[in-house]
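*Asks:* The chain contents come next:
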Amino acid sequence: AQTVTQSQPEMSVQEAETVTLSCTYDTSESDYYLFWYKQPPSRQMILVIRQEAYKQQNATENRFSVNFQKAAKSFSLKISDSQLGDAAMYFCAYRSARLDNDMRFGAGTRLTVKP
Amino acid sequence: DAGITQSPRHKVTETGTPVTLRCHQTENHRYMYWYRQDPGHGLRLIHYSYGVKDTDKGEVSDGYSVSRSKTEDFLLTLESATSSQTSVYFCAIRTGSSYNSPLHFGNGTRLTVT
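Residue numbers (the working numbering), protein chains in the order written: chain A, 1 to 115; chain B, 1 to 114.
One or more hints might be untrue.
[To be verified] Simulated crosslink set (SDA-like; lysine to any residue; CA at most 25 Å straight-line): (1) B:K57 / A:S96; (2) B:K11 / A:I46; (3) B:K57 / A:K78; (4) A:K78 / B:Y99; (5) B:K57 / A:Y33; (6) A:K70 / B:S101.
[What the hints assert, rightly or not] Label pairs and their in silico Cβ distance ranges: (7) B:G40 / A:Q57: 27 to 37 Å; (8) B:S97 / A:E61: 14 to 24 Å; (9) A:P41 / B:G3: 14 to 24 Å; (10) B:T112 / A:A71: 37 to 47 Å; (11) A:D31 / B:T112: 38 to 48 Å; (12) A:A71 / B:D73: 41 to 51 Å; (13) B:D62 / A:Q14: 40 to 50 Å; (14) A:S28 / B:G3: 29 to 39 Å; (15) B:G40 / A:I46: 20 to 30 Å; (16) B:G51 / A:S28: 23 to 33 Å; (17) B:H10 / A:I46: 17 to 27 Å; (18) A:P115 / B:G51: 45 to 55 Å; (19) A:Q57 / B:P39: 28 to 38 Å; (20) A:L99 / B:P39: 18 to 28 Å.
[Stated by the list, open to error] For the chain A half of the interface with chain B, some residues (derived, Cβ under 8 Å), not all of them: (21) S22; (22) Y25; (23) P40; (24) R43; (25) R50; (26) M103; (27) G106.
The hints are simulated quantities; they were obtained by calculation from the structure and are not laboratory data.
Just so it is clear, CB atoms sit at the ideal spot from N, CA and C, and this is done for glycine as well.
The whole structure should be built from the sequences, with the hints applied where relevant.
*Replies:* Spelled out as structure tokens, the structure:
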């Protein structure tokens, strides 16, 4: 079964600076999708960004971008110009392109933003 | 907003009692999921549904059952609650038919089993 690993339980960043959250995954498949979700204290799960494995170009959404390294099975999230509202738990997730049930989540990284 | 409502938002129950959590969607999406969230584990899939009366098990299905008699409702039942089932439960829907469609989540139910 595919596994998703987030090796940083906690990270902190100064407001306005840049931070990178790490995610690695294990799979034997060649076609799949990767996602980052944000969970603020409200508990709501919010989609931040997604990446298709067949695309070489890294996805970008405003201040959020990813560094997708398919050979290394790495999918890191970069947050630029960090804001206080970015403080949250961040979850990396993997979905197979074959199976309906197969969306796997990492354990999460708690991001603190210091003013 | 994908129109997902979970109820109740919070619940405290005693060991051995049955508990049913409800997920309601307003947009007739085919795929619905139940996850549990625990510290150190992220979200883990309990059961999912791919249509009315069509359900299947996920990674952590022991002790849980589900039912989907209508497209809009997906129920999760703990037949006899145990302390290990204390968790936050999320319902999710897939809003598109392709695999790159993200999941949209409800606001979660915090269940405490005493």
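*Asks:* Compare the structure with the hints numbered earlier in the document and write down the numbers of the violated ones, lowest to highest.
*Replies:* Hints 3, 21, 22 and 23 contradicted; others consistent.
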